[in-house]
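Enquirer: Taken in sequence, the protein lines are chains A and B.
The opening position of the first sequence corresponds to residue 0 in numbering that gives the first Met the number 0, with each subsequent residue numbered one higher.
The opening position of the second sequence corresponds to residue 0 in numbering that gives the first Met the number 0, with each subsequent residue numbered one higher.
Keep in mind that the hints were calculated from the coordinates and are not lab data.
Predicted, not measured: the structure shown is a model, and the values here were computed from it.
A portion of the hints provided could be inaccurate.
Taking lysine to any residue and the SDA-like style, the derived pairs with C-alpha atoms no more than 20 Å apart in a straight line are [said to hold, decoys possible]:
#1 A:K204 <-> A:E94
#2 B:K194 <-> B:V178
#3 A:K204 <-> A:R122
#4 B:K65 <-> A:I206
#5 A:K15 <-> A:G114
#6 A:K210 <-> B:I62
#7 A:K15 <-> A:Q213
#8 B:K223 <-> B:D74
#9 B:K194 <-> B:V231
#10 B:K65 <-> A:K182
#11 A:K182 <-> B:L98
#12 A:K182 <-> B:F162
#13 A:K182 <-> B:I132
#14 A:K210 <-> B:V178
#15 A:K182 <-> B:L136
#16 B:K284 <-> B:V231
#17 A:K15 <-> A:K182
#18 A:K15 <-> A:K204
#19 A:K182 <-> B:P135
#20 B:K65 <-> A:Q213
#21 B:K284 <-> B:I300
#22 A:K204 <-> B:F107
#23 A:K182 <-> B:K194
#24 A:K182 <-> B:T139
#25 B:K65 <-> A:A207
#26 A:K182 <-> B:S252
#27 A:K204 <-> B:S252
#28 B:K223 <-> B:V28
#29 B:K223 <-> B:M24
#30 B:K284 <-> B:K337
#31 A:K182 <-> B:E137
#32 A:K210 <-> A:V21
#33 A:K204 <-> B:R21
#34 B:K73 <-> B:R21
Now for the letters of each chain:
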Amino acid sequence: MAEFQPREITVQGLWKNNPALVQLLGLCPLLGVSSSVVNALGLGLATIAVLVCSNLLVSLFRNYVPDTIRLPVFVMIIASLTTCVELVMQAYTYELYKILGIFIPLIVTNCIILGRADAFASRNAPVPAVLDGLMMGLGFAGVLILLGALRELVGQGTLMTNMDFLLGPVAANWKIIVIPDYKMFLFAILPPGAFVFMGLLIAVKNIADNKMEQVRLANREKPSKGIKRVRITG
Amino acid sequence: MALIRQTSPHTLGQNQTNNIMRLVMMALVPALAVQVGFFGWGALINLIWCSLVALGSEALVLILRKRPLAFYLKDGSALVTAWLLAMAIPPGSPWWLSLMGVSFAIVFGKQLYGGMGQNPFNPAMLAYVLLLISFPLEMTSWFAPQGAGLEITGFTDSLQAIFADHAIDGWTMATPLDVVRENKSLTIAELWLEKPQLSGMTGTGWFWINLAFLAGGLFLLKQKVISWHAPVGMLAGLGIMSLLFWNGTGSESHGSPIFHLFSGAAMMGAFFIVTDPVSGATSNKGRLLFGLGVGVITYIIRAWGGYPDGVAFATLLMNMAAPAIDYWTQPRTYGHRKPKRGMAKSE
Numbered sequence: 000m001a002e003f004q005p006r007e008i009t010v011q012g013l014w015k016n017n018p019a020l021v022q023l024l025g026l027c028p029l030l031g032v033s034s035s036v037v038n039a040l041g042l043g044l045a046t047i048a049v050l051v052c053s054n055l056l057v058s059l060f061r062n063y064v065p066d067t068i069r070l071p072v073f074v075m076i077i078a079s080l081t082t083c084v085e086l087v088m089q090a091y092t093y094e095l096y097k098i099l100g101i102f103i104p105l106i107v108t109n110c111i112i113l114g115r116a117d118a119f120a121s122r123n124a125p126v127p128a129v130l131d132g133l134m135m136g137l138g139f140a141g142v143l144i145l146l147g148a149l150r151e152l153v154g155q156g157t158l159m160t161n162m163d164f165l166l167g168p169v170a171a172n173w174k175i176i177v178i179p180d181y182k183m184f185l186f187a188i189l190p191p192g193a194f195v196f197m198g199l200l201i202a203v204k205n206i207a208d209n210k211m212e213q214v215r216l217a218n219r220e221k222p223s224k225g226i227k228r229v230r231i232t233g
Numbered sequence: 000m001a002l003i004r005q006t007s008p009h010t011l012g013q014n015q016t017n018n019i020m021r022l023v024m025m026a027l028v029p030a031l032a033v034q035v036g037f038f039g040w041g042a043l044i045n046l047i048w049c050s051l052v053a054l055g056s057e058a059l060v061l062i063l064r065k066r067p068l069a070f071y072l073k074d075g076s077a078l079v080t081a082w083l084l085a086m087a088i089p090p091g092s093p094w095w096l097s098l099m100g101v102s103f104a105i106v107f108g109k110q111l112y113g114g115m116g117q118n119p120f121n122p123a124m125l126a127y128v129l130l131l132i133s134f135p136l137e138m139t140s141w142f143a144p145q146g147a148g149l150e151i152t153g154f155t156d157s158l159q160a161i162f163a164d165h166a167i168d169g170w171t172m173a174t175p176l177d178v179v180r181e182n183k184s185l186t187i188a189e190l191w192l193e194k195p196q197l198s199g200m201t202g203t204g205w206f207w208i209n210l211a212f213l214a215g216g217l218f219l220l221k222q223k224v225i226s227w228h229a230p231v232g233m234l235a236g237l238g239i240m241s242l243l244f245w246n247g248t249g250s251e252s253h254g255s256p257i258f259h260l261f262s263g264a265a266m267m268g269a270f271f272i273v274t275d276p277v278s279g280a281t282s283n284k285g286r287l288l289f290g291l292g293v294g295v296i297t298y299i300i301r302a303w304g305g306y307p308d309g310v311a312f313a314t315l316l317m318n319m320a321a322p323a324i325d326y327w328t329q330p331r332t333y334g335h336r337k338p339k340r341g342m343a344k345s346e
């Protein structure tokens, strides 16, 4: 069993192996519900909850599940957790539940969750598994919310409309009208717009990675500058 | 003796991209003139503005991609894209509409796929669809054509409509295709009497615009810039479908074949859009099939779809099918037997 490396797990989940930007998993909900901040935040939180709990349960059961039937067992665990989340959302955030619709039960089929269950939780102890679930979930939710914010801004010229659907009456007037009198740019709200914005986000991440790599290389080269390699002949 | 060491093609002159693009632009001039005649100076202002935006956005991306600027700007492909889009959108479109459309066509439709010759979709049609689904109101606000009352005439009026965002409602009118599609109660004869934008066999103005595109297309055919296959395929597809589903002259009629062949973007699509050598099919048989598909889908969208004209959607759909068409219509290489493909049993 691998050593517990919380730092590495965090970096992997949030950046290096980000489920949305690098693994491109769970594209269906990612593109389907990221049309506004509130939708994205709602589904992001639901996914985090399911991911953390399923990683914990899978990790606890990992020594009792025969290898051959592990996937059906994982799916059962994930499905029951998703049902719980769905019922909770139906009880407390009914408007959002109606907007998100089919995408909440579809969390079951989100590849990130099954992927982390099989690739990480079934091989690691509960604590790293929970941390991995949290970080992968945050990585996914972060991209989801960023995409939601971008699409809401470009599509409607606002940010955080209808936040009260998720957070109750406190958030009723959190709506920020960034561009007044904005003509709706429907393309950004429709699914094809999601693909374009997703592509742009991936491009930005790749640019950032390249820049960081260059900086890292430049820093590494500096100290070795003065040392001349001795050529040994003979 | 110094021999020129160069890989093929060894032909000189004629067949260069900028020559072809220049011919295409020349072929577009008659249609542009007719558009100016019927819809006012807006068509020309639009065209100039679109060209500037196209060159600007092309230059921007080329700088970002570290490519030679002059070489790619001179080939004229960005200009042709801009011209096609400018002539496809309403002549009085506000400046931001064309700005958004043209820059999307160049940056997303062409350069992001790798630039000239790499785009799987026709950039102009991609941008047209983007604009149509995003701004349905602006994209269907065509000026009333000359001879239908309400016309816009002055140069400054057009200029104001485009750049000062003046309300253009007073000058606009539904296009003939829209009128026939929306019609539920009148017979065709009554419709023609009642609506000023319908006259002769097709719409006022639209007939001549389509005729001008046809003339330009025939010029391109004569210059061997395009082959006859794709246009014939598309016109045949549209013609046959409209003949089959004509449905008489009652209120349920979808319009006669002549009406369909000479309205909307039919001729422009047939000679300037489906003939795109990059995003269309490559073999002659493939081009015929490609055109046929565009024609049939265009008619389906016109008759039963949600939009008045369907050339852009049809082109994009068939662009997606182009690689498959190419695969299945690859001609036999001389001296070889036809290859067996797909599910055919190998010996």
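Enquirer: Check the hint pairing K182 of chain A with I132 of chain B against an upper bound of 20 Å on the C-alpha distance.
Expert: At roughly 13 Å apart (the allowed maximum being 20 Å), I132 of chain B and K182 of chain A satisfy the hint.
Enquirer: CA of K204 of chain A to CA of R21 of chain B, is that 20 Å or under?
Expert: Violated. K204 of chain A to R21 of chain B sits at ~40 Å, over the 20 Å cutoff.
Enquirer: Decide if the proposed pair is consistent with the structure: K284 of chain B and K337 of chain B, CA atoms, cutoff 20 Å inclusive.
Expert: Judged against 20 Å, a Cα distance of about 15 Å means the pair holds.
Enquirer: CA of K182 of chain A to CA of K194 of chain B, is that 20 Å or under?
Expert: Measuring from Cα to Cα gives roughly 31 Å; hence the hint is violated.
Enquirer: Given the hint that K204 of chain A pairs with E94 of chain A, does the C-alpha gap stay at or below 20 Å?
Expert: Not satisfied, since the Cα-Cα distance of roughly 34 Å exceeds 20 Å.
Enquirer: For a C-alpha distance cap of 20 Å, please report whether K210 of chain A and V178 of chain B respect it.
Expert: violated, 56 Å
Enquirer: Given the hinted pair K284 of chain B and V231 of chain B, is their alpha-carbon gap at most 20 Å?
Expert: Given that 20 Å is the threshold and the Cα spacing comes to 12 Å, the pair holds.
Enquirer: Is the hinted pair K65 of chain B and Q213 of chain A satisfied, with a Cα-Cα distance of at most 20 Å?
Expert: Between K65 of chain B and Q213 of chain A the Cα gap is close to 19 Å, so the pair holds against 20 Å.
Enquirer: K204 of chain A and S252 of chain B were given as a pair; does the straight-line alpha-carbon distance stay at or below 20 Å?
Expert: Violated, at about 54 Å.
Enquirer: With a cut-off of 20 Å on the C-alpha distance, tell me whether K182 of chain A and L136 of chain B pass.
Expert: holds, 11 Å
Enquirer: With the threshold set at 20 Å, check whether the alpha-carbon distance from K65 of chain B to I206 of chain A stays at or below it.
Expert: Within the cut-off at roughly 15 Å; holds.
Enquirer: Are the Cα positions of K223 of chain B and V28 of chain B separated by 20 Å at most?
Expert: Given pair K223 of chain B, V28 of chain B holds - Cα atoms ~18 Å apart, limit 20 Å.
When held up to the earlier numbered hints, the structure conflicts with 1, 3, 9, 10, 14, 17, 21, 23, 26, 27 and 33 and fits the remainder.
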